[in-house]
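Chemist: The chain contents come next:
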Amino acid sequence: QQQVKQSPQSLIVQKGGISIINCAYENTAFDYFPWYQQFPGKGPALLIAIRPDVSEKKEGRFTISFNKSAKQFSLHIMDSQPGDSATYFCAATRGAQKLVFGQGTRLTINP
Amino acid sequence: GAVVSQHPSRVICKSGTSVKIECRSLDFQATTMFWYRQFPKQSLMLMATSNEGSKATYEQGVEKDKFLINHASLTLSTLTVTSAHPEDSSFYICSARDRLGYRETQHFGDGTRLSIL
Chain A
9 QQQVKQSPQS LIVQKGGISI INCAYENTAF DYFPWYQQFP GKGPALLIAI
59 RPDVSEKKEG RFTISFNKSA KQFSLHIMDS QPGDSATYFC AATRGAQKLV
109 FGQGTRLTIN P
Chain B
-2 GAVVSQHPSR VICKSGTSVK IECRSLDFQA TTMFWYRQFP KQSLMLMATS
48 NEGSKATYEQ GVEKDKFLIN HASLTLSTLT VTSAHPEDSS FYICSARDRL
98 GYRETQHFGD GTRLSIL
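Protein chains in written order, with my numbering: chain A, 9 to 119; chain B, -2 to 114.
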């Protein structure tokens, strides 16, 4: 009930391409869905987040798509760049409760 | 804004040593801080939730006597790994929730790489 399942585990995309990472959740009480970006040896940094009252949120090259009925949400990185190579984590929570993280996706952008 | 500083960034010590890791919110007050552990190529595992002025809440399976947490002020929480052994080697990350910000948002530090010889 508390799990967030993330796929794929790793992803290789050519420079300029679109990177897509997917997450699925079970707990319908979740009402906040952030994505974090983590570089090796660093802590996660908040990239973008969405609430279930909207189906899409865009910030620059990063877009979250949210499907409430399917209990799924995804991160799209447009025009992917080598500097986007990192590990990405989706998460879910409700209010002041703890974050439930996905398993992570290691993204590699080939130049 | 919303900077969390974690110190030290890396520590190497002998088995049996106790190690203290500090987590500071530099430009905001944090009533709640979180401590995570991350193994290589794995996700973050919540160890405990630290509330200012009260005892920490530990996740199931985390030894509270092994991992001592003190949240003495609105800007500082410490994690002490007592009598550390090689199996305690890991990447420890703290996060903090801004008292005046969105309650869902956590700001993360850059982690501490702990290596026990």
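Hints in this document: simulated from the structure, not taken from any laboratory.
Just so you know, even glycine gets a beta-carbon here, dropped at the ideal spot from N, CA and C.
Treat each hint with caution, since some may be false.
Cross-link-like lysine-lysine pairs, in silico, BS3-like; alpha carbons within 30 Å at most [as the list claims (entries may be wrong)]:
1) Lys23(A) x Lys38(B)
2) Lys11(B) x Lys106(A)
3) Lys79(A) x Lys52(B)
If you only want the chain A side, here are some residues facing chain B, beta carbon under 10 Å, derived [as the list claims (entries may be wrong)]:
4) Pro42
5) Gln46
6) Gly51
7) Gly68
8) Phe70
9) Ser73
10) Val108
Chemist: Now look at each hint and say whether the structure bears it out.
Modeler: Right, here's what the structure says about each hint:
1. As the CA atoms of Lys23(A) and Lys38(B) are separated by approximately 23 Å, the hinted pair is consistent with the 30 Å bound.
2. At roughly 33 Å between alpha-carbon atoms, Lys11(B) and Lys106(A) are farther apart than 30 Å, so this suggested pair is violated.
3. Of the pairs offered as hints, the one joining Lys79(A) and Lys52(B) is violated, with about 35 Å between alpha carbons and a cut-off of 30 Å exceeded.
4. The restraint placing Pro42(A) at the interface with chain B holds, with a minimum CB-CB distance near 8 Å, inside the 10 Å limit.
5. A cut of 10 Å between beta carbons decides the hint on Gln46(A): the least distance to chain B is about 9 Å, and the hint holds.
6. This hint holds: Gly51(A) has a C-beta 4 Å from the nearest C-beta of chain B, less than the 10 Å allowed.
7. Look at Gly68(A): its Cβ only gets to about 19 Å from chain B, farther than 10 Å, so that hint breaks.
8. For the restraint placing Phe70(A) at the interface with chain B, the shortest Cβ-Cβ distance is roughly 17 Å, beyond the 10 Å limit, so the hint is violated.
9. For Ser73(A), the shortest C-beta to C-beta distance to chain B is roughly 19 Å, which exceeds 10 Å, and the interface hint is violated.
10. For Val108(A), the shortest C-beta to C-beta distance to chain B is roughly 9 Å, which falls under 10 Å, so the interface hint holds.
Going through the hint list in order, the structure does not satisfy hints 2, 3, 7, 8 and 9.
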